[in-house]
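Student: Chains as they are written, first to last, in the working numbering: chain A, 1 to 318; chain B, 1 to 415; chain C, 1 to 297.
Since the hints were made in silico from the structure, they are not lab data.
Take the hints with a grain of salt, since some may be wrong.
Straight-line C-alpha distance at most 20 Å; calculated SDA-like pairs for lysine to any residue [said to hold, decoys possible]: (1) C:K113 <-> A:L150; (2) C:K113 <-> A:W11; (3) B:K50 <-> A:S66; (4) C:K109 <-> A:F20; (5) C:K289 <-> A:T106; (6) B:K46 <-> A:D99; (7) A:K263 <-> B:K50; (8) A:K98 <-> B:T68; (9) C:K258 <-> B:T68; (10) C:K109 <-> C:D162; (11) B:K50 <-> A:T106; (12) B:K46 <-> A:Q54; (13) C:K109 <-> A:L15; (14) B:K297 <-> A:G72; (15) C:K113 <-> A:I104; (16) B:K247 <-> C:D162; (17) A:K263 <-> B:K294; (18) B:K46 <-> A:A100; (19) B:K132 <-> B:S226; (20) B:K294 <-> A:K305; (21) B:K27 <-> A:S180; (22) C:K289 <-> A:F151; (23) A:K305 <-> C:L195; (24) B:K294 <-> A:Y90; (25) B:K46 <-> A:E105; (26) A:K263 <-> B:K132; (27) B:K55 <-> A:I104.
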Amino acid sequence: MVVTSKSHRIWNRALIALVFVLVIAYLLPLYWISSTAFKPRSLATTVPPTVVFQPEVTPFVKLFTSRVQMRGEVEPEIYAKAPWYEKRVYDAGERVIKDADGNIETSGYWSRFLNSIIIAVTSTFLAVAMGTLTAYGFSRFRMPGEQDWLFFILSTRMLPPVVVAIPMFLMYRTVGLVDSHLGLIILYTAFNLSFSVWLMKGFIDEIPIEYEEAALVDGYTRMQAFFKIVLPQAATGIAATAVFCFITAWNEYAFALMMTNRKAQTAPPYIPSQLGSGVTDWTVIAAGTFLFLVPVAVFTFLLRKHLLRGVTFGAIRK
Amino acid sequence: MSTKKWSGLLAGAVFALACGSASAAEKLTILWAQWDPANYLQELVKDYEKQTGTKVTVETTPWPDFQTKAFREFAAKGDAYDLVVGDSQWLGAGSTAGHYVELTDFFKKHGVAESMAPATVEGYAEYPKGSKKYWAVPLEGDATGWSYRKDWFEDPKEMAAFKKKYGYDLAVPKTWAHMRDIAEFFHRPDQKRYGIAIYTDNSYDALVMGYENVLFGYGGDLGDYSTYKVKGVIDSKTAVDALKFYKELYKFTPPGWGKVFFMEDNQAITEGLAAMSMNFFAFFPALTNPATNKNAKVTGYFANPGGPDRKAFRCTRRPGHLDYQILEEAGRSDKVPGMVHQGRRAGKVGATRRLHLQRESAEVGEIPQGHPVQPGVLRDHVHGQGLLGGAGICGAARFDEQAPAPVHRRQQGHG
Amino acid sequence: MLARLDSGSASARRGLSDIAIRNVFIIPTIIFLVVFNIFPLIYSLGYSFTDFRASTSAPAQFIGLDNYRELLSDPYIWTNFTITAKYVLVSVGGQVLVGFGVALLLNRKVPAKGLVTTLLLLPMMMSMAVVGLFWQLLYSPSWGIINYVLGLDDFEWLSNADVALYAVALTDIWMWSPFVMLLSLAGLSAIPQHLYEAAAIDRATRWYTFTRITLPLVTPLLLIAIIFRTMEAFKTFDLAFIMTSMDTTELIAIRLYKMAFQEWQTGKSCALAYIVLIMVLAITNIYVKYLNQAKAR
Numbered sequence: 001m002v003v004t005s006k007s008h009r010i011w012n013r014a015l016i017a018l019v020f021v022l023v024i025a026y027l028l029p030l031y032w033i034s035s036t037a038f039k040p041r042s043l044a045t046t047v048p049p050t051v052v053f054q055p056e057v058t059p060f061v062k063l064f065t066s067r068v069q070m071r072g073e074v075e076p077e078i079y080a081k082a083p084w085y086e087k088r089v090y091d092a093g094e095r096v097i098k099d100a101d102g103n104i105e106t107s108g109y110w111s112r113f114l115n116s117i118i119i120a121v122t123s124t125f126l127a128v129a130m131g132t133l134t135a136y137g138f139s140r141f142r143m144p145g146e147q148d149w150l151f152f153i154l155s156t157r158m159l160p161p162v163v164v165a166i167p168m169f170l171m172y173r174t175v176g177l178v179d180s181h182l183g184l185i186i187l188y189t190a191f192n193l194s195f196s197v198w199l200m201k202g203f204i205d206e207i208p209i210e211y212e213e214a215a216l217v218d219g220y221t222r223m224q225a226f227f228k229i230v231l232p233q234a235a236t237g238i239a240a241t242a243v244f245c246f247i248t249a250w251n252e253y254a255f256a257l258m259m260t261n262r263k264a265q266t267a268p269p270y271i272p273s274q275l276g277s278g279v280t281d282w283t284v285i286a287a288g289t290f291l292f293l294v295p296v297a298v299f300t301f302l303l304r305k306h307l308l309r310g311v312t313f314g315a316i317r318k
Numbered sequence: 001m002s003t004k005k006w007s008g009l010l011a012g013a014v015f016a017l018a019c020g021s022a023s024a025a026e027k028l029t030i031l032w033a034q035w036d037p038a039n040y041l042q043e044l045v046k047d048y049e050k051q052t053g054t055k056v057t058v059e060t061t062p063w064p065d066f067q068t069k070a071f072r073e074f075a076a077k078g079d080a081y082d083l084v085v086g087d088s089q090w091l092g093a094g095s096t097a098g099h100y101v102e103l104t105d106f107f108k109k110h111g112v113a114e115s116m117a118p119a120t121v122e123g124y125a126e127y128p129k130g131s132k133k134y135w136a137v138p139l140e141g142d143a144t145g146w147s148y149r150k151d152w153f154e155d156p157k158e159m160a161a162f163k164k165k166y167g168y169d170l171a172v173p174k175t176w177a178h179m180r181d182i183a184e185f186f187h188r189p190d191q192k193r194y195g196i197a198i199y200t201d202n203s204y205d206a207l208v209m210g211y212e213n214v215l216f217g218y219g220g221d222l223g224d225y226s227t228y229k230v231k232g233v234i235d236s237k238t239a240v241d242a243l244k245f246y247k248e249l250y251k252f253t254p255p256g257w258g259k260v261f262f263m264e265d266n267q268a269i270t271e272g273l274a275a276m277s278m279n280f281f282a283f284f285p286a287l288t289n290p291a292t293n294k295n296a297k298v299t300g301y302f303a304n305p306g307g308p309d310r311k312a313f314r315c316t317r318r319p320g321h322l323d324y325q326i327l328e329e330a331g332r333s334d335k336v337p338g339m340v341h342q343g344r345r346a347g348k349v350g351a352t353r354r355l356h357l358q359r360e361s362a363e364v365g366e367i368p369q370g371h372p373v374q375p376g377v378l379r380d381h382v383h384g385q386g387l388l389g390g391a392g393i394c395g396a397a398r399f400d401e402q403a404p405a406p407v408h409r410r411q412q413g414h415g
Numbered sequence: 001m002l003a004r005l006d007s008g009s010a011s012a013r014r015g016l017s018d019i020a021i022r023n024v025f026i027i028p029t030i031i032f033l034v035v036f037n038i039f040p041l042i043y044s045l046g047y048s049f050t051d052f053r054a055s056t057s058a059p060a061q062f063i064g065l066d067n068y069r070e071l072l073s074d075p076y077i078w079t080n081f082t083i084t085a086k087y088v089l090v091s092v093g094g095q096v097l098v099g100f101g102v103a104l105l106l107n108r109k110v111p112a113k114g115l116v117t118t119l120l121l122l123p124m125m126m127s128m129a130v131v132g133l134f135w136q137l138l139y140s141p142s143w144g145i146i147n148y149v150l151g152l153d154d155f156e157w158l159s160n161a162d163v164a165l166y167a168v169a170l171t172d173i174w175m176w177s178p179f180v181m182l183l184s185l186a187g188l189s190a191i192p193q194h195l196y197e198a199a200a201i202d203r204a205t206r207w208y209t210f211t212r213i214t215l216p217l218v219t220p221l222l223l224i225a226i227i228f229r230t231m232e233a234f235k236t237f238d239l240a241f242i243m244t245s246m247d248t249t250e251l252i253a254i255r256l257y258k259m260a261f262q263e264w265q266t267g268k269s270c271a272l273a274y275i276v277l278i279m280v281l282a283i284t285n286i287y288v289k290y291l292n293q294a295k296a297r
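So here's chain A without its partners, still in its complex pose (with noise of 0.2 Å):
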């Protein structure tokens, strides 16, 4: 028995090695994307790849402004007199666009991640408000067709973007909702929505109803009881449903890339269309995709014990 017990436990620690080697061998896109965003132009791209580098903040700046080749060498008085985010660009063979007044011509970028910000974060909060009500009514009131209506609102989570986008591009530029905030906050808000419906009422059917029971018997009327005694113990339940719809709002790319250009355009079609003027800068690249990906990192990580539950729309809780 020894023998066996002792095999296993190598077998055993064989395999968690083999796990971990995984998960590097797993996580090193998401290191060579980090990694280019510190990287100088000219490690971006060489045969073989660059894997120890002197990381500097050369690609940030430059994301975030508008710039020039240069041609020739800058003089070195304007070099001298530079601050010190013009001398990056500077020592990467460019020079920054500036207006009259010596105001820096800033790029795209910032525009689209604001952007990115409103429509996510109010589709999300429209989204999960509507879908919290929504599933409460669901859960606790009985509803002819109940089930088809559930269905019914599943399906249009999944109905592929084009398909709707096509009718919906031709609908918006009648109302003149092509390339607006509003526009995509709707479309977003509709996209979540269905989402937002179904693990709510997973979450409020878990409250017990003996709670607002005893709410109704003092006194409350059942709005009163909503509010006081469903909505805090839904609390995590709504926090969670929320990361999850801002994450599908913050990453979509179809929806906004056929529905704006450039007023409401968020990051995820304005990213890839960045790639540089002359040779692709995958350097400035990374640095806009790291700073997108942030978020999301970040929420992935608070999100992580509620991750299942989202993925199955509710249905499968742990």
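Model the placement of chains B and C on the given structure of chain A, informed by the hints.
Tutor: For chains B and C alone, coordinates are given in the frame of chain A:
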């Protein structure tokens, strides 16, 4: 004819005017493809900003996506852009579908047609041909040329080996056949060194642009421009031979070269992959810049070689003509002729209008056939197409800082 | 299963009636979804019988079923469907193999298991567009890290027409295997330990235990994962669109996008959208059926 052949390369500009304010807009947005000229334009419009207080932003999108994006904006009747520097082949679709504002009156008022060569106006501003209706102010022309590794070409050992193998001297190719030999000669996958980088992307007009170099060099054409017949021309023996030749060049490209355009072709030089690389002149600034091209000092440039009968097409161009008047027109929408779209936003009276500015190309600088291009000419070409000569508000000088004077330049009838 | 509030109770009669509350809570959502999801589909059904082109100012002409007839007899469209089927098969198959395999590995005492699981789940929370963009760099035959690490020299991933689709599928596998892993882990951890103990007493082989105990008990959750991933893979647009534009990687969603927003055959694209829609609804039906079953357990 040569100008017409290049029509595909030439971009125009489209004004898509925001509705609403009839007075000067405080902000104008221009959409163009992503390349250095667009960055320089962003810098140039600062002068206009200084004069008028109107802020102008140049937005860019990669070439392969450029047409889709612009036409989506047209179809949406959107107001995200006030001006789109469109490609010349959009002229027909843009004008007939009602996306472009007719500029005939503008042309007359400012004498645009007179300031350019007739072929330019015909090719890049007028639609349909001969109608005297204008939709664009020609802005910029460009042509493809080649960058090459001077150090590889001038290496005595390589020169001797080449002479031994092919029986003639290793030099910048004068014919396509020479180019093929040189590509074959330098193609050494085991050394991670490859012969040639050409356009192969099937998106936008990349592959076609690459092939056209050979096609025109061989004396072929895309169709008969007087009868609009394509059959019998594009499938002629000459055209097929040219295509076969272009396909043969593909044998000597770096690995993974099945879907490449400007960026990758430049990278073939910066990463030391290829001996020769095709690209538009507008993409060469990145190669002349030591910060973006570690091989900048050993990179040379030459124009397209000639075909089998030494017939070689000429690359022609002259500085463009986007003058600030057009920007002013964009700011004062009520003065712009040709209202196209009625106001689309409820509660806002106004109109979305589009002006199409197309750029010119005329005979100014001619790249000598099969000879290395001097840096001055290169700069001239890059800058020449790099925008605006025109109304003299800002000249090419703005770009020329610290660069030597042009070596080859023939000015012709340029206002 | 669930106790419902007794709508007849006296207290509930204070304030709004239960039916009113239910309607106020539910109906806005239904209306919202009908207006922004169902109405557009009705709208596009109309256009699918016309030759409408949104890029021109020409009015739409009614052409009956011509669009559908053309599409269904178009060999290229069938090629797009075949490519999509191939992609679904490879990518979902790969995800199940990798995801379930890793779940089996992780289904034991592993140090820092929570952290490991969370790290593995990171890619699936990311934007497909951004991931696709970056994998272009990783796949580069000349300066990509993948060929360097795997010693593949200059193997062409994305520019070889025969390989590109699988390269995209591989990225999808990288992103979504953890999804299968997550569901499999949930299934595995729910298997009662006493079943394994009983099998050990009977001196059952590992293979026997696996096929007779593990697999059957994980299957329901695995099926949900498979159906969900099948549906998502069928709809794939972002990843393949960003990474390549080969004929051999033109999934049906990409064809649809090109038809609608590049070629501006608006009427025809509406018709194709309907064909795709019917397929998606069929898969959704199956998915919901299994989801409800899982819930009922």
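Student: If a hint holds in the structure, say so; if it does not, say that too.
Tutor: Hints and how they fare:
1. C:K113 <-> A:L150: violated, 36 Å
2. C:K113 <-> A:W11: holds, 18 Å
3. B:K50 <-> A:S66: holds, 18 Å
4. C:K109 <-> A:F20: holds, 13 Å
5. C:K289 <-> A:T106: violated, 52 Å
6. B:K46 <-> A:D99: holds, 6 Å
7. A:K263 <-> B:K50: violated, 24 Å
8. A:K98 <-> B:T68: Not OK: K98 (chain A) and T68 (chain B) at ~30 Å, beyond 20 Å, violated.
9. C:K258 <-> B:T68: holds, 9 Å
10. C:K109 <-> C:D162: Roughly 42 Å between the alpha carbons, so the hint for K109 (chain C) and D162 (chain C) is violated.
11. B:K50 <-> A:T106: Answer holds: K50 (chain B) to T106 (chain A) is near 17 Å, not above 20 Å.
12. B:K46 <-> A:Q54: violated, 36 Å
13. C:K109 <-> A:L15: Roughly 11 Å separates the two Cα atoms, so the pair holds.
14. B:K297 <-> A:G72: Holds, at about 12 Å.
15. C:K113 <-> A:I104: violated, 48 Å
16. B:K247 <-> C:D162: holds, 18 Å
17. A:K263 <-> B:K294: At roughly 38 Å apart (the allowed maximum being 20 Å), K294 (chain B) and K263 (chain A) break the hint.
18. B:K46 <-> A:A100: holds, 7 Å
19. B:K132 <-> B:S226: Measuring from Cα to Cα gives roughly 17 Å; hence the hint holds.
20. B:K294 <-> A:K305: violated, 49 Å
21. B:K27 <-> A:S180: holds, 18 Å
22. C:K289 <-> A:F151: holds, 10 Å
23. A:K305 <-> C:L195: Given pair K305 (chain A), L195 (chain C) is violated - Cα atoms ~27 Å apart, limit 20 Å.
24. B:K294 <-> A:Y90: Roughly 16 Å separates the two Cα atoms, so the pair holds.
25. B:K46 <-> A:E105: holds, 10 Å
26. A:K263 <-> B:K132: violated, 36 Å
27. B:K55 <-> A:I104: holds, 13 Å
Checked against the numbered hints above, the structure breaks hints 1, 5, 7, 8, 10, 12, 15, 17, 20, 23 and 26 and satisfies the rest.
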